[in-house]
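Student: These protein sequence lines map, in sequence, to chains A and B.
Position 47 of the first sequence, counted from 1, bears residue number 51 in the working numbering, the numbering being contiguous throughout.
Position 98 of the second sequence, counted from 1, bears residue number 984 in the working numbering, the numbering being contiguous throughout.
Since the hints were made in silico from the structure, they are not lab data.
Only a predicted model underlies this, so the values are computations on that prediction, with no experimental measurement involved.
Mixed in with the good hints there might be a few duds.
Straight-line C-alpha distance at most 30 Å; calculated DSS-like pairs for lysine-lysine [what the hints assert, rightly or not]:
| # | chain 1 | residue 1 | chain 2 | residue 2 |
| --- | --- | --- | --- | --- |
| 1 | A | Lys108 | A | Lys25 |
| 2 | A | Lys25 | B | Lys944 |
| 3 | B | Lys899 | B | Lys977 |
| 4 | A | Lys58 | B | Lys977 |
| 5 | A | Lys58 | B | Lys944 |
| 6 | A | Lys58 | A | Lys68 |
| 7 | A | Lys19 | A | Lys108 |
| 8 | A | Lys68 | B | Lys944 |
| 9 | A | Lys25 | B | Lys899 |
| 10 | B | Lys899 | B | Lys980 |
| 11 | A | Lys68 | A | Lys150 |
Have a look at the derived ranges for each label pair, beta carbon to beta carbon [unchecked claim]:
| # | chain 1 | residue 1 | chain 2 | residue 2 | range |
| --- | --- | --- | --- | --- | --- |
| 12 | B | Gly898 | A | Glu102 | 42 to 50 Å |
| 13 | A | Leu47 | B | Val913 | 21 to 29 Å |
| 14 | B | Lys977 | A | Cys135 | 36 to 44 Å |
| 15 | B | Gly957 | A | Thr113 | 49 to 57 Å |
| 16 | B | Ile947 | A | Ile136 | 27 to 35 Å |
| 17 | A | Ile9 | B | Val913 | 20 to 28 Å |
| 18 | A | Ala6 | B | Gln984 | 45 to 53 Å |
| 19 | A | Pro72 | B | Gly957 | 30 to 38 Å |
| 20 | A | Asp133 | B | Val921 | 20 to 28 Å |
| 21 | A | Arg18 | B | Arg930 | 18 to 26 Å |
| 22 | A | Lys25 | B | Gly901 | 37 to 45 Å |
| 23 | B | Trp903 | A | Pro15 | 27 to 35 Å |
From the structure, some residues in chain B lie toward chain A, with a derived Cβ separation under 10 Å [to be verified]:
| # | residue |
| --- | --- |
| 24 | Gly901 |
| 25 | Val931 |
| 26 | Gly966 |
| 27 | Val969 |
Note that beta-carbon positions come from the ideal geometry of N, C-alpha and C, so glycine has one too.
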Amino acid sequence: MAIVIEQPDAPRSRKGAQWEKRAWIFMRISGVILIFLIIGHLLVNLVLPERGVKAIDFAFVAGKWASPFWQVYDGLILWLALIHGTNGMRTLVNDYSEREWLRKALNVTLWVTAAALLLLGTLVITTFDPCIDPNVHNYLPDLVCKG
Amino acid sequence: MAHRPAGTLYRGKLGMWTWVLHRITGVGIYFFLLVHILDTALVRVSPEAYNSVVASYKTDIVGVAEIGLVGAILFHGFNGIRVMLIDFWRKGAKYQHQMFWVVLVIWVILMAGFVPRQLMHIFGA
Ligand code: HEM
Chain A
5 MAIVIEQPDA PRSRKGAQWE KRAWIFMRIS GVILIFLIIG HLLVNLVLPE
55 RGVKAIDFAF VAGKWASPFW QVYDGLILWL ALIHGTNGMR TLVNDYSERE
105 WLRKALNVTL WVTAAALLLL GTLVITTFDP CIDPNVHNYL PDLVCKG
Chain B
887 MAHRPAGTLY RGKLGMWTWV LHRITGVGIY FFLLVHILDT ALVRVSPEAY
937 NSVVASYKTD IVGVAEIGLV GAILFHGFNG IRVMLIDFWR KGAKYQHQMF
987 WVVLVIWVIL MAGFVPRQLM HIFGA
């Protein structure tokens, strides 16, 4: 099979270059925000609670998402980390895949996966219902459940 | 300064190895994130489903592996800041070595705080 090597000095299309530059900038802006969000996430979930990771269960999550603050916080981590990670993976795919069809297929897979998980994660955070736990009033006494 | 040509194989030094490590940690964190979104989504299914899957995070093996994950995230994060300083700070490229040592010191300090705490949670009474 003939291997086509691009002319190194062949300019990208204007649109392609614009997009790459925005992706490059996004990696940096999201990175700066993520380092704060992730360290906070680790502190609040793993380090500060008395029993650390062993304290995490449905009630723990319900307690956090009773507050819009943590819903927004977790939604922000979800979107920034997943898009940052997916775009980082795209860089690797572009670097290492030698066959054009494979490169395209992997990149499509990456973005389809990201879109599906962004949708899933966002729905989980926004439609979360603590009332599916019959014992919910043991840990959220003020909660009013319908039905 | 007489430099002997080192052959055709590219052998970067610190800058290359931190780049390799940044890549590997980035990929590792990415795949963990995929799993983590899916396990958290179980809170929308039932308390039992979520609790039974999160129980695996509390086992000895995963609890210790979590130290590796946190170590990878902290390295990737602070090295990412170093990469940005190389990009944007006028003297960034000049000080990229020194900045690596700063990243390492921050990493060691944070891990010194995290590791004993995590081990206590996993193995403590
Ligand atoms: C903690 C905060 C984070 C910071 C400060 C950060 C910073 C960065 C920066 C600046 C880059 C671009 C490097 C370059 O263009 O040469 C990058 C690449 C990357 N990041 Fe992150 N990142 C963070 C979190 C994450 C997370 C949570 C993931 C995974 C979900 C991730 C996965 C990746 C991947 C796969 C790459 C591509 C690596 C490469 O091109 O060699 N990062 N990161």
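Student: Does each hint fit the structure? Answer for all of them.
Tutor: Hint by hint, here is what the structure shows:
no.	hint	verdict
1	Lys108(A) with Lys25(A)	holds, 20 Å
2	Lys25(A) with Lys944(B)	violated, 42 Å
3	Lys899(B) with Lys977(B)	holds, 19 Å
4	Lys58(A) with Lys977(B)	violated, 45 Å
5	Lys58(A) with Lys944(B)	holds, 6 Å
6	Lys58(A) with Lys68(A)	holds, 16 Å
7	Lys19(A) with Lys108(A)	holds, 18 Å
8	Lys68(A) with Lys944(B)	holds, 19 Å
9	Lys25(A) with Lys899(B)	holds, 27 Å
10	Lys899(B) with Lys980(B)	holds, 14 Å
11	Lys68(A) with Lys150(A)	holds, 21 Å
12	Gly898(B) with Glu102(A): 42 to 50 Å	violated, 22 Å
13	Leu47(A) with Val913(B): 21 to 29 Å	holds, 25 Å
14	Lys977(B) with Cys135(A): 36 to 44 Å	violated, 57 Å
15	Gly957(B) with Thr113(A): 49 to 57 Å	violated, 28 Å
16	Ile947(B) with Ile136(A): 27 to 35 Å	holds, 30 Å
17	Ile9(A) with Val913(B): 20 to 28 Å	holds, 27 Å
18	Ala6(A) with Gln984(B): 45 to 53 Å	holds, 47 Å
19	Pro72(A) with Gly957(B): 30 to 38 Å	holds, 32 Å
20	Asp133(A) with Val921(B): 20 to 28 Å	holds, 23 Å
21	Arg18(A) with Arg930(B): 18 to 26 Å	violated, 43 Å
22	Lys25(A) with Gly901(B): 37 to 45 Å	violated, 23 Å
23	Trp903(B) with Pro15(A): 27 to 35 Å	holds, 32 Å
24	Gly901	violated, 17 Å
25	Val931	holds, 8 Å
26	Gly966	holds, 5 Å
27	Val969	holds, 8 Å
The earlier numbered hints that this structure contradicts are 2, 4, 12, 14, 15, 21, 22, 24.
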